[in-house]
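From first to last, the protein sequence lines are chains A and B.
0 is the number of the first residue of the first sequence in numbering that gives the first Met the number 0; add one for each residue after it.
0 is the number of the first residue of the second sequence in numbering that gives the first Met the number 0; add one for each residue after it.
One should not assume that every hint holds.
[Said to hold, decoys possible] Some chain B residues close to chain A (C-beta under 7 angstroms, calculated; not the full set):
id, residue
1, Thr96
2, Trp99
3, Ser107
4, Ser120
5, Ser210
6, Asp255
7, Asn342
8, Leu355
9, Asn357
10, Leu373
Note that these hints are calculated values from the structure, not bench results.
All residues carry an ideal CB built from backbone N, CA and C; glycine is no exception.
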Amino acid sequence: MLDRTTAPVAGKLNDDFKLQSAKKHPLNNGIKFHTLLCGNQEAVRLELIFNGGNWNQNKAGASYFTTKLLSAGTPNYSSKQIENILALSGAFLELESNNEKNTLTLYVLAKHLESLLPLVFEIITQPTFPQEELDNLKKISLQNLSVNLGKTSYVASTNFREAIFGNTHPYGRALTEPVISGIDRDALVEFFKQTFSHSNCDIVLSGNGSIDFENVINKYFGQSSWGSAVPQLQEHSFQYSPIKQTVEKEASVQSSIRMGLPMFNISHPDYLETSILIEILGGYFGSRLMKNIREDKGYTYGISSSLVSMQHGGYLVIGTDVGCENTAETINEIYHEIEVLRNESVGEEELNLVKNYLTGSFLNSLNTPFALADRFKSIYFNGLPSNFYTHYLQTIQNVSAERIQQLANQYLIVNKFSEVVVGKR
Amino acid sequence: MINYEQFVLDNGLQVYVHEDHSAPMAVLNLLYNVGAKDEEEHKTGFAHLFEHLMFGGSQHIGSFDEPLQKVGGENNAFTSNDITNYYITVPSNNLETAFWLESDRMLSLSFDPKVLEVQRSVVIEEFKQRYLNQPYGDVWLKLRPLAYTTHPYRWATIGKEISHIEEATMDDVKAFFSKYYIPNNAYLVIAGDVTLEQVKQLCDKWFAPISAGKPYLRNLPTEPLQTSPRLLETIADVPLNAVYKVYHSPAKLDADYYAADMLSDILGRGKSSILYQELVKDKKIFNSINAHLSGATETGLLIIEGKLNKGISAETGDEAIQQVLSDFLASGVLAEGLQKVKNQAESSHVFGQVELLNRAMNLAFAAALGDANLVNKELTMLNAVTTTDVNTAAHKILQQSNCSTLYYKSSAQ
């Protein structure tokens with residue numbers, strides 16, 4: 000008779016794991032070109048990454064609008080022609096501006112890659128930023144903002160980041176109506192000049208294909224000096240003092256809650272162990288917060304906590320959307336779960352479960368060349384050692400319940416928490 | 000190309016094995032052939048609520064998630080109008096834990112009243128979060144009953160209304176389980192670092208002892224042919240007027256499905272599409288617009304949806320869309336326009352196979368449609384579509400008499 004009550008014997012999780020590392024190929028002009036080649040599909044992701052972003056802009060919104068309008072026209076192509084050429088090759092172009100970087104990402108079948116590179120080169124070296132395209136994008140952005148401002152979750156998240164970093168800091172300042180309205184073409188031209196150049200660029204190619212990628216990329220991006228930008232790093236700081244904010248939305252049926260405080264980033268020696276603490280609190284389906292707020296009380300569809308790491312800082316955020324009538328009790332219960340982590344040591348069974356879950360989910364997260372490239376970028380752009388993830392897996396296995404409790408007491412300081420509620424408190 | 004082997008257990012469970020030894024991971028994907036369309040019309044939202052209950056403990060195992068997390072596994076599930084799909088990824092040396100857990104909940108659930116009570120609340124919060132507390136969130140709650148008068152696609156997976164979820168009883172749960180959650184109504188895909196022999200042994204051990212149930216023979220009402228245009232207006236606290244136009248379109252297995260798919264892409268996939276170029280870029284009437292198929296198994300929808308620029312009425316937007324469509328019908332699709340969307344589709348197809356879990360799911364979806372090898376035939380079928388096929392499909396589908404239109408109006412305007 001089959002015994003269904005006992006779990007099958009568990010195998011050991013792979014601890015002699017080696018992360019496939021990126022290969023570096025300096026191009027003729029000095030650009031650092033990195034490849035992560037694996038997988039069975041002849042498909043690639045090409046990323047041109049420029050050091051810039053919100054952190055290095057002189058005018059709020061400049062990074063965002065410059066990046067989005069790179070493909071809005073060049074001397075040889077209109078925006079419509081650019082979209083058509085890309086689509087005819089079945090390619091997908093993403094233009095993204097984030098806190099510290101401006102990235103052009105091209106998803107394309109390997110067989111079509113080379114034919115698109117002259118166009119991509121023109122986009123990053125000679126964008127014309129037509130006034131009409133800027134006006135239309137500003138209008139659309141303002142309207143999208145008005146839609147987003149109707150979402151309690153959007154308002155709560157942007158207000159929370161502002162509560163942490165302040166509304167003049169690059170991490171705290173949102174794309175508000177005055178920011179969007181204040182953008183002009185000169186700001187784009189200036190940001191473009193100070194950001195897009197070969198000496199401020201890394202290229203990452205992941206995927207696979209029977210192509211000499213190094214040769215092809217060198218041919219189109221590595222032959223000459225292009226662009227005038229030199230690498231730069233602006234200085235920004237913020238003064239934090241906790242705030243408790245409620246934005247009343249009469250018509251809401253749920254409140255969006257965000258709470259937390261400034262933290263360190265991935266480069267800090269306590270980051271990895273603290274990330275395990277935050278996982279226990281609210282990082283996975285079986286976390287303390289999910290068990291309490293969702294699986295015991297049924298107040299929410301989901302609740303989570305995460306340690307967000309940027310290049311020059313980080314923060315802890317706990318977030319959930321709950322029925323309005325349960326807002327106050329949910330906040331109390333969140334503080335209660337933090338108190339428990341500070342006052343009681345995590346049981347051995349729970350700690351082992353989290354360790355194995357994190358290990359398995361990390362291994363599983365590496366199953367595509369694109370995911371491997373993302374891991375590489377985290378290490379590379381944060382200046383971390385190449386054995387960082389081996390160290391991560393060891394840290395998971397070695398962390399003790401005492402250490403988790405110590406970190407909870409050191410970092411989960413509830414009287415320094417900010418709280419933002421959008422809906423009804 | 001997704002390679003696979005298949006076999007069937009005596010109890011009717013169909014098993015597919017896709018080997019890929021490039022990483023020491025495995026996927027167990029179990030698809031039950033039941034979705035929101037199988038619900039009774041006064042008990043809607045039940046298939047999805049039931050999915051939540053599948054995580055609340057089974058006959059011999061108190062918790063589904065914990066034993067899996069303990070061996071490094073992750074899992075989730077989703078419900079659509081057509082199917083309910085459960086998936087697990089786990090380090091391959093712990094694959095048997097996934098078999099143990101997944102087979103026990105096919106055998107029987109714990110039917111714990113507290114689990115039902117809590118998950119009713121969780122699903123109600125999900126209803127609020129996704130459909131009520133979002134601008135435009137309730138669009139499909141309004142569009143489905145407009146487009147479908149008879150077929151059970153007329154309600155959304157989350158259900159028609161919250162009261163249906165509140166009223167679900169344990170007797171409903173038990174009846175649903177014994178009717179649909181049986182091995183002969185399911186498709187199991189094992190993928191990754193596994194072997195056929197290993198999977199056969201594990202299936203024999205864990206799934207073969209489960210008895211077959213009474214076969215579920217689906218017999219849904221067919222949607223009558225729409226013969227005149229339908230229009231619904233609604234007003235809500237949103238900043239922009241919006242227009243939704245949905246046309247009945249072929250079912251997944253119909254001969255002209257891929258022609259309809261290419262048609263929707265030509266009209267509204269991405270920034271190079273006709274609707275986007277004409278109405279967002281040139282005429283600047285719309286803030287955003289796109290077109291796509293609903294992807295449903297049975298009689299589907301071709302959906303055109305767009306938000307208007309501030310101050311422009313839904314009526315003006317609708318007229319502009321109809322002008323683009325009638326110009327398109329008059330001129331027909333050009334060879335280059337078709338080649339473009341074929342290339343986009345090929346690209347999506349290849350990128351969609353990069354991830355092991357996607358391959359496993361795609362095999363399961365195809366198997367549930369009746370032929371797992373459809374995953375490998377898709378590109379050939381796409382490439383066989385001609386401009387004549389697209390034009391024929393366009394004339395058949397893009398008729399006002401075949402269209403339901405929703406004006407979603409801003410109360411501020």
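Hints, one by one, checked against the model:
no.	hint	result
1	Thr96	5 angstroms, holds
2	Trp99	5 angstroms, holds
3	Ser107	10 angstroms, violated
4	Ser120	3 angstroms, holds
5	Ser210	14 angstroms, violated
6	Asp255	22 angstroms, violated
7	Asn342	3 angstroms, holds
8	Leu355	6 angstroms, holds
9	Asn357	10 angstroms, violated
10	Leu373	19 angstroms, violated
Taken one by one, the earlier hints fail for this structure at numbers 3, 5, 6, 9 and 10, listed in ascending order.
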